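Could you put the whole structure together from the sequences, leaning on the hints where they help?
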Amino acid sequence: MTTINHALLKKFYDEHRDAELNKEYYAMRVSSVKKRLRWLNIFLAVFAGSSAVVGFTLWQQTVFGLPVGALAISALTGIAVIMSIIKPYLGLESDIERLSSIQGVYSALSSLHGDVVKTIVSHQALTDRERTSYDLMRQMRLSVDGKEDKPANAKLQAKAEEIVNRRFPESTRWYP
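Take the sequence shown: its position 6, counting from 1, is numbered 6 in our numbering, and each next residue is one higher.
There may be inaccurate statements among the hints.
[Stated by the list, open to error] Here are the in silico distance ranges between beta carbons for each label pair: (1) Q61 / G114: 50 to 60 Å; (2) G114 / A70: 52 to 62 Å; (3) H123 / E93: 43 to 53 Å; (4) E148 / Q60: 49 to 59 Å.
Read the hints as simulated data drawn from the structure, not as lab findings.
What you are looking at is a predicted structure, and each value in this text was computed from that prediction instead of being measured.
In this text, a Cβ means the ideal position worked out from N, Cα and C, and glycines have one as well.
Take a look at the structure:
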């Protein structure tokens, strides 16, 4: 049956764009958390086992007779020890898992929505099959709702919106 329901068609396009937006947003969030974890690990690698670092001549410097280098290395080593103790409680690894999982769901949803949108545009119709697909994808979307960032990072969200708006301008949609 190929009756056209404009409201449902608009919802379908909106869901596709939302899936794309969330796919981009969570990809950026995963990248951001991975970057923080990498820098934390580098800091800990350099300063937690500081016996080799202490030998650098930079740390032997004095300013007005004060051993600035020794004080700096002591402070950085102390910070590194504290950071290595609290690192497991920061939850960066679990954040990466959670965000990657959400990003994976949105990536799959985006792909599925994209396929159905192409079918709608090429057939210029919205059939029962597309409606059933919409309902199933909506259930998938709701399954990750409780795991999402609340509130979202506004800067990353704006960047993701810009990417999606360039990729899927309003003019690419079909309306009867």
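Here's how the hints hold up against the structure:
1. Q61 / G114: 50 to 60 Å: 59 Å, holds
2. G114 / A70: 52 to 62 Å: 59 Å, holds
3. H123 / E93: 43 to 53 Å: 46 Å, holds
4. E148 / Q60: 49 to 59 Å: 51 Å, holds
Checked against the numbered hints given earlier, this structure breaks none of them.
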